[in-house]
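Those letters in the sequence shown? Residues 2 to 243, by the numbering used here.
Hints were generated in silico from the structure; no laboratory data involved. You may find that some hints are simply not true.
[Said to hold, decoys possible] Cut-off 25 Å, straight-line C-alpha distance, at most; resulting in silico cross-link-like pairs (BS3-like, lysine-lysine): (1) Lys-19 x Lys-46; (2) Lys-166 x Lys-214; (3) Lys-198 x Lys-214.
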Amino acid sequence: PIEMIDSCAEKLSIVMEKLKLSVIICTYNRANLLPEALDSVLSQKTDFNFEIIVGDDASTDGTRNLLNEYQRKHPDKIVLSLMETNSGIGANWATALMKAQGKYVAFLDDDDYWTDDHRMQIMVDFLENHPEYDALYTNAVWLDEKRGKEHLISYPSPEEFNIYKVLNGIQSNISLNILTVKRDVINDCINLEDYVKYKFLVQDWNTHILLLKKARFAYMDMPTSVFRVTDGSLSRLKTYEQ
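Construct the complete structure from the given sequences, taking the supplied hints into account.
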């Protein structure tokens, strides 16, 4: 009946309106570390709905089974983006991001985790109350568990970031793990199809540079993420060719 269709459409519209945040997690063969990343997002305390879009780049270590189990337990939260063949982090990330429905987008690497259960609420509240900003980033903790080393990473203020310095490697980029950004701004600044078409080898460095062209950044001086250093991470590459 027409009345039932209208009712369903209205309910779907209400759900979509309340979906404030999409969290993008991309993974490949990290079945041992991925649960800590997922649990740190699922444990977030918010007064709004959020989704977790997990992009798996054709893992072969049981990650798919793990993700299916998480989706079974959290069907209202977990959305899977499953690559048929291994396409690289850039393509996997962009494909997952294309599925996002939230007003804001946040990111987390599969070997890292968030430390504050109110992180998402704090960041979304800030952006909601300060519409003059497009994105908000925080500090992080660098953790090398194998060597027992840990230290705080304090990022420069938005005024100190310079697109040319980042482009030339003089200044480090903002890791996406500490960033929450308006989805409309990402769509305006970034051609995600390029990430897929050209199979970008990285996604955070170039994304930060592209966002610096237009986005208005705000900074919060507090650590909200842990960057775990592992032998397979991009921060631990051993050769120049890598």
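Each hint, compared with the structure:
1. Lys-19 x Lys-46: 15 Å, holds
2. Lys-166 x Lys-214: Given that 25 Å is the threshold and the Cα spacing comes to 13 Å, the pair holds.
3. Lys-198 x Lys-214: Within the cut-off at roughly 22 Å; holds.
In summary, this structure violates none of the numbered hints.
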